[in-house]
Amino acid sequence: MLNRIVRLIIKEFLAVWRDPHNRFVLLVPPLVQLLIFSFAATHEVKNVQLGIYSEDHGSAARELISRFASARRTFSHVQYFQDLDDVHRAIDTQDVIAVVHIGPTFSRDLLSGTPVALQILLDGRKAYAAQVISGYMSQITDRFVGEYVAVSIDPSKPPRDAASIKLVSRAWFNSNLDSVWSTIPGLVGILTNLIALIVTSLSIAREKELGTFEQLLVSPLRPLEILIGKTTPAMVLGLGEGMAMVAIATLVFALPCAGSPLLLFGALFVSLFSTIGIGLLISSLAKTQQQAFFGAFAFLVPAILLSGFVTPVENMPAWLRWVTYLDPIYYIILIAKGILLEGMRMPTVLQLAWPMVPIGVVTLTTAGWTFRQRLE
Amino acid sequence: MASQVLISLSEVRKQFSADARPALECVTANIYGERITGLVGPDGAGKTTLIRLIAGLLDPTRGRIKVAGYDTARQVSTVHTIVSYMPQRFGLYEDLTVMENLHLYADLRGVVGKHRHETFERLLAFTGLGHFTGRLAGKLSGGMKQKLGLACALIHRPVVLLLDEPSAGVDPVSRRELWKMVNELVDEGTAVIWSTAYMDEAQRCDEVLLLNEGKLLYQGKPGDLTGQVEGQTFLIEATEDSRRQLLSKALEQPDIIDGVIQGRKVRLILKTPTTVFPALGTNVQARPTPPRFEDAFMVLLGGIPKTRISNITSHIFQKLREDSTGTRNIVVEAQDLTKCFGSFTAVDQVSFTVCRGEIFGLLGPNGAGKSTTFKMMCGLLRPTSGKAEVAGVDLTMAPAKARERLGYMAQRFSLYSDLSVHQNLEFFGGVYGLMGRRLQKTIHRMIEEFELAPFINSNAGDLPLGFKQRLAMACAIMHEPQVLFLDEPTSGVDPITRREFWIRINAMVNQGMTIMVTTHFLDEAEYCDRIAMVYQGRIIATGTPDDLKRSIPSENLPEPTLEDAFIEMIQRHERYESEGEGLRRDG
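Read top to bottom, the protein sequences are chains A and B.
Read in order, the letters of the first sequence are residues 1 to 376 in our numbering.
Read in order, the letters of the second sequence are residues 1001 to 1587 in our numbering.
Calculated from the structure, these hints are not laboratory results.
All figures in this text were calculated on a predicted structure; none of them were measured in a lab.
Yeah, the Cβ is synthetic: ideal placement off N, Cα and C, and Gly gets one too.
Do not take every clue at face value.
Quick partial rundown of chain A residues pointing at chain B, CB under 7 Å, derived from the structure [stated by the list, open to error]: (1) R4; (2) R18; (3) D19; (4) H21; (5) G211; (6) R222; (7) P223.
The shape of chain B in the complex, shown without the other chains:
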């Protein structure tokens, strides 16, 4: 493709306040026309800042940005006519209907008369929103919202289309549709910049800018970066060890850069390719596997420092082990759990059980009912009917007693940001009934275990992301709960923080803790022992990640991913539903 430079960034730096880390540091790059450029990186990498700089909404602190030859600082109004920007959220007026939103953006862009009519027709056909023109934007699903956002951004045909995390909170099916739509736009000659925290999306871009903590780590074709770790990635399996034990052993090895759980196997990145692992035991089978973009990213970041791993001990808990012997094996149980909001049934007769020491995942798109189920299980919502039990206590009968036995960690680490690390620990310990010497001892143990000592008097709000996560986890487990509830625990965090998080979770599970997790993030789902796929308020499939992957036909897909499995399950479910409806109509 011989396309020319469309956007040039030269030594761009953006610093929001003098004492803060710059949001972007000395970024020099060229972005070309007629292709999709991925802006890839975890939260806080500087993706949104860069997009807003390109859109001319922010001025760089230093350096210069040119869009099609126009300087974004000095020729803003021209830049605005070339560029369309779809912000992450807030791009739509939720209290207006689909059509009203379109009219509003058409008014803003000065698209009138017959031209407006034609544009609307084209966009509604393109996005498939034709049937929903009268619906309030706030009542659309995540995927449809993004499509409407895209339509609004396309009211005039931009030269450059900036999309800020368009796939966040969108179910896999809609995500595929969005990609298809964007590819069509590129074929028509629009340059698209797509920012994302999902590493698997990087592989679909023609070109990527990989950002981390404000620094540009890589620019080029994603395949070229992935190619750099070709031959270093392996899947291993052991007959005697569980996958979790295997992973923790593997990560201690100096020549293993990274390891994650993938189904029943463990995925490793090695410094030097080999298929024999004497340190991991004799019964280890290994085979090479094609590298992924995230592997390459991990190698660029240098993997998790080994010292961090060795500090994670396997004896955080004192009480839990004794408690767990002799008690019932089922820790979490849902029986015909149903929740109705008015006439809408958000969760419809959901049943499942989670055993001690198991990681159980609820997987599903936003609005499928997984959060509602999750909230009923930890006592945040009262079920309309059915039973929810935690550690043998019925949540509706003795809510406070049941809540003592569970820990909860929300998506945005809900800590008191104006309280210091120590005060947060004191508060959460105290609320869960620890006091006096026992409280002080527990706090001390948490500080040691999570290496919080250097920040002990800092405000929780000022901690680096990784430490916030550690503190949130410490607060959630201080009282040694029987089961820990995790709500999308690592979406958007950088891969190192995510690895560390799961290593800790694995260590806790080995000590008898039970984990229940919701996620729409498929990499996270791989860590689960069992997954329940939730769709339209029902569980449409349950099983181990490998079971689910194996259950879909694999003529075209010899090695389907969880995402493939998920999409197939949804499609099967819908086919079944429509057949059922057809039968009912016929009968």
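So here's chain A without its partners, still in its complex pose:
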């Protein structure tokens, strides 16, 4: 029985490897994608047009405006408005993405200790950039409140910088606020699983198209043996490429790899186990490679969108968050980020990794059952 499985595994490797197209598709695009996406898919927002509409000429307002205007890295141009209509027009025509509206009593209220409201108008059409900008802006205002107000009210007290501490917490794991660092672990998780998913989802479908699957089914191989034979090459390929990507991340992009690479290897193994299960399930249902490809696509797109790679999971409605908990990519991204940037340790990794095990077990069993049913 072992001999049979070994032969099948060798054959699977050869089948993946001997076709030059296959070889290319499995090796080059994932690594190229890692490089391109890492450089291109930056989540930083730069060179933003900022508008300022101030109805207050007090010193506090001037100080705040100068702080916005001097944040050149983010706000490359600052436009000043005299009335609200101009503000509306500028946002409508996308001249500016955000406008700070300082009310007429801003300076007075601030100094007298009355609660102050500062209005920020954002272009909701650019939701993601707007959200990032509002973050930057609250950073600036927080610091302003911390430094300016404290100093002005009582010069003898040292400046309170509680606000700036909050900021640092954001940059803990990415101290340069370098978005490449937060992108790469996600890419490693996604691309590794993508390879395994494609290899497995196409493998049985391809054999069905060529007619060799029947040849396998009339051989003494049992469904479980076929499952093992089909799983192994995808696992080995996925792990190999995953670790290669980790190497590129640390060597080319100087990621710290704060945690144990062995732990990451283990986490990748569990995550591949679950996606391979999904891939085999797709493959056992599909009759042709085209169907299998669409199946893989139908899984991948929502899986990536829901994984938190593109949009924060916290921003999703509650019911959708539950769907996310069924998405293996969600867990591996969290783990990869955790291990590579934070030095996440075994207990946390286990806590995040265990849901992928039932996902894999359920899908693999269903796949095995499905292709036995297909015999009926």
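Once you have looked at the hints, place chain B on chain A.
Structure of chain B alone, referenced to chain A:
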């Protein structure tokens, strides 16, 4: 018939890629109007390429094609208005109904209004599809699909009608109807080009172009070619030897060009006519028989090289012989085998037994249930009820154990095309439990037996067709199975490859292997010891090919073919069924 040249081909060559063998090489021919021109040749001969060139869908690499005076490369749009093309498959939209397909093609051809209505009425009457207009094209039988395809191609009245293998996968009854319909079209003045891999269809054409490996071997009346071998074809029979032994002896003779099994007899083509065969033994009776188109084709190809035959040994197997002594004589057994898909009963209480060393054939049109039966017998499908046993092991009780004892060779040789010849052998040997030295020795024996040495490191996908077939066979028998399952093993392959295949099968059967084969190809059925005719999920007749032929009345047909027998059996079966229904209604 004084018809004029309608299509002229001058030195047409088509090469798809620089390093590949040209699909067509220097074909020069004239095709005339008002007749059926057969484009005859095995798969890979270039038939489809030639049809697509004539239809203006491909441009020739070199040479020129003119259809009714229009150049297919430069005046494509005019050519499209003259020519109708019915492709082999994919011509129909399977998810649309019969009527929707017709409407679609009418839209494409710009047939509208009252004219459309009239056309549909005419075509539905012509094809007999009137009752099925609401049925999905994908749910039609093979014959009805082809009729619908024909109707779609006839939406506008073409000058030239190109039919690419219209009879492939069509049962004999529908095949006859298709021929009748096409003959009517020719009477109305349409020129028809009918491509086929069935040699017996060539005889029905007014004129044929015989293609092999991209080369035009013959152009002219089929009878003229057949006439060239007049007097060289004989049927022989021996009292002491079995027909298989007789055939293998005969093929070793230098003056015998070709031999095939035909019922209990062996059909030979001789270099010089004679009725005495001293080399074959004393008790051989021979009588002349009229030549067939395929005989002439074999003579053109020069027969099977004798060296190939002498290399086929009679000791491929080491284990099988020892195994076969003392065991039960029945190797394959089906008992009340039934398979239902939902409410549809594909196979209905089929029973048969196959003995050791027997070639047993399941014969029937597509959709009759023969493939379903076959799949249940080799463990690819689980029967709804009934029992399937192979080599004494019940397939449902111990599937893996039963599967170890059978070999399986599918229609399209299912090899791993990206793996080398050696890797394929290693894989299939290994999966069937061979390992270590025994595996290497077996591989070595297979390479020798099937003469695969020159291709040992080539990818299986790049092998010539004949070698692909040899490799597939080697992979299927490495583990010396008790029974070998063959699914339409030689449909579409050239006659030489087919001969070689059956010579090998005969050699294996002589060593105690049992063969179970499905086919809709009647020449192949002649090789069987016994045939079960499958129709509508039931076995309607079982017997030797000769028995079946003899069982039909022969006033008009003194020597009925298997096809005649098959059609007669189907008609009898349907009469019986409708009578039965009538009785039930009356009672």
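Discussion item. I'd like to know which numbered hints this structure contradicts. Please list them from smallest to largest.
Written reply: 4, 7
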